[in-house]
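Listed below, chain by chain, are the residues.
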Amino acid sequence: DAMVIQNPRYQVTQFGKPVTLSCSQTLNHNVMYWYQQKSSQAPKLLFHYYDKDFNNEADTPDNFQSRRPNTSFCFLDIRSPGLGDAAMYLCATSSVGRNEQYFGPGTRLTVT
Amino acid sequence: GEDVEQSLFLSVREGDSSVINCTYTDSSSTYLYWYKQEPGAGLQLLTYIFSNMDMKQDQRLTVLLNKKDKHLSLRIADTQTGDSAIYFCAETLAGNTGKLIFGQGTTLQVKP
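Chains as they are written, first to last, in my numbering: chain A, 938 to 1049; chain B, 39 to 150.
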């Protein structure tokens, strides 16, 4: 089945230790999004890629970076995780001209 | 500004109808969405409506949009225990490349 896959589902990292979260998709969508969802809050967009074109939200901290080496994969890098970065990170994809965004299952990040 | 508001909690009995409400402030909303999130999982797109429409029905789901009042609702007929989840209302705005702006979510509890 075509889908959005996120690995790992659960990630534990230490304060200040860089961590990378992974997203892949078999939908061949050209837009990929990363959202951060803290406990009991709404998901909040961090950035998105339109093909290889990177679009950062104005209030996304510099600590968060992203890479998209090809259509299928997108990575979220957190350079120096703080305790406040503990959250669920959701990847989503969509196709330009279509209105649906499809979400992966999320990666729950714990910072110790 | 961009703001989407939902009531936080709704409890219904199995077999009853559920109505989850949402209000938004930005008149340039193009599409409005309902997503479902089960514990520890990603977001599942349930349905969406174009801002020019006032109603959309899809099996047990009915979406009503009052554009004048900027009010959106989701009615679930014959609510089942499997419908227990958090329901997020979201909007996209004209010209913002598909960014979803979410409400804070309504927790639906279905009692047997």
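Incorrect hints may have been included.
As the list claims (entries may be wrong) - Straight-line distance between alpha carbons at most 30 angstroms, and here's what the computed DSS-like set of lysine-lysine pairs gives: (1) LYS989/A / LYS137/B; (2) LYS105/B / LYS989/A; (3) LYS954/A / LYS975/A; (4) LYS149/B / LYS74/B; (5) LYS94/B / LYS74/B; (6) LYS149/B / LYS954/A; (7) LYS149/B / LYS94/B; (8) LYS975/A / LYS989/A; (9) LYS954/A / LYS94/B; (10) LYS981/A / LYS74/B; (11) LYS954/A / LYS981/A; (12) LYS149/B / LYS137/B; (13) LYS108/B / LYS954/A; (14) LYS954/A / LYS989/A; (15) LYS105/B / LYS981/A; (16) LYS105/B / LYS137/B; (17) LYS149/B / LYS106/B; (18) LYS137/B / LYS106/B; (19) LYS108/B / LYS74/B; (20) LYS108/B / LYS137/B; (21) LYS94/B / LYS106/B; (22) LYS108/B / LYS975/A; (23) LYS74/B / LYS105/B; (24) LYS74/B / LYS137/B; (25) LYS94/B / LYS137/B; (26) LYS94/B / LYS105/B; (27) LYS149/B / LYS989/A; (28) LYS108/B / LYS989/A; (29) LYS981/A / LYS106/B.
What the hints contain is simulated information worked out from the structure, not anything from laboratory work.
Verification of the supplied hints:
Distance restraint check for LYS989/A and LYS137/B: the Cα-Cα separation of roughly 17 angstroms lies within the 30 angstroms cut-off, and the hinted pair is therefore satisfied. The suggested pairing of LYS105/B with LYS989/A is violated, with an alpha-carbon distance near 36 angstroms, which exceeds 30 angstroms. Taking the CA atoms of LYS954/A and LYS975/A, the gap is about 20 angstroms. The hint holds against a cut of 30 angstroms. In summary, the hint linking LYS149/B to LYS74/B is supported, as the alpha carbons are separated by about 18 angstroms, within the 30 angstroms threshold.
The straight-line distance between the Cα atoms of LYS94/B and LYS74/B is roughly 17 angstroms, inside the 30 angstroms bound, and the hint therefore holds. With a CA separation close to 44 angstroms, the supplied pair LYS149/B and LYS954/A exceeds the 30 angstroms bound. A distance of roughly 27 angstroms separates the Cα atoms of LYS149/B and LYS94/B; the hinted pair therefore holds under the 30 angstroms criterion. The suggested pairing of LYS975/A with LYS989/A holds, with an alpha-carbon distance near 27 angstroms, which does not exceed 30 angstroms.
In summary, the hint linking LYS954/A to LYS94/B is not supported, as the alpha carbons are separated by about 48 angstroms, beyond the 30 angstroms threshold. For the hint linking LYS981/A to LYS74/B, the alpha-carbon distance of about 16 angstroms falls within 30 angstroms, and the restraint holds. Proximity of LYS954/A to LYS981/A is assessed by CA-CA distance (about 23 angstroms); at most 30 angstroms being required, the pair is judged to hold. For the hint linking LYS149/B to LYS137/B, the alpha-carbon distance of about 35 angstroms lies beyond 30 angstroms, and the restraint is violated.
Distance restraint check for LYS108/B and LYS954/A: the Cα-Cα separation of roughly 44 angstroms exceeds the 30 angstroms cut-off, and the hinted pair is therefore not satisfied. The suggested pairing of LYS954/A with LYS989/A holds, with an alpha-carbon distance near 27 angstroms, which does not exceed 30 angstroms. Only pairs whose Cα atoms come within 30 angstroms are accepted, and LYS105/B paired with LYS981/A is accepted, the gap being roughly 24 angstroms. Of the supplied pair hints, the one linking LYS105/B and LYS137/B holds, its CA atoms being roughly 20 angstroms apart against a limit of 30 angstroms.
Among the hinted pairs, LYS149/B with LYS106/B is inconsistent with the structure: their alpha-carbon atoms are about 34 angstroms apart, more than 30 angstroms. Between LYS137/B and LYS106/B the CA atoms are separated by roughly 23 angstroms; this keeps the pair inside 30 angstroms, and the hint holds. Taking the CA atoms of LYS108/B and LYS74/B, the gap is about 21 angstroms. The hint holds against a cut of 30 angstroms. Between the alpha carbons of LYS108/B and LYS137/B the distance comes to roughly 19 angstroms, so the proposed pair stays at or under 30 angstroms and holds.
Our distance criterion of 30 angstroms between C-alpha atoms is met by LYS94/B and LYS106/B, whose separation comes to about 17 angstroms. Between LYS108/B and LYS975/A, the direct Cα distance comes to roughly 27 angstroms. Compliance with the 30 angstroms bound is thereby established for this hinted pair. Proposed proximity of LYS74/B and LYS105/B is supported: the alpha carbons are some 23 angstroms apart, at most 30 angstroms. With a C-alpha separation of about 18 angstroms, the suggested pairing of LYS74/B with LYS137/B holds against the 30 angstroms cut-off.
This hinted pair checks out: LYS94/B and LYS137/B have alpha carbons roughly 22 angstroms apart, not beyond 30 angstroms. Between the alpha carbons of LYS94/B and LYS105/B the distance comes to roughly 14 angstroms, so the proposed pair stays at or under 30 angstroms and holds. Under the criterion of a C-alpha separation no larger than 30 angstroms, the hint pairing LYS149/B with LYS989/A is inconsistent with the structure, at around 47 angstroms. Distance restraint check for LYS108/B and LYS989/A: the Cα-Cα separation of roughly 35 angstroms exceeds the 30 angstroms cut-off, and the hinted pair is therefore not satisfied.
The hinted pair formed by LYS981/A and LYS106/B meets the criterion: a straight-line CA distance of about 26 angstroms does not exceed 30 angstroms.
Of the numbered hints listed earlier, those contradicted by the structure are 2, 6, 9, 12, 13, 17, 27, 28.
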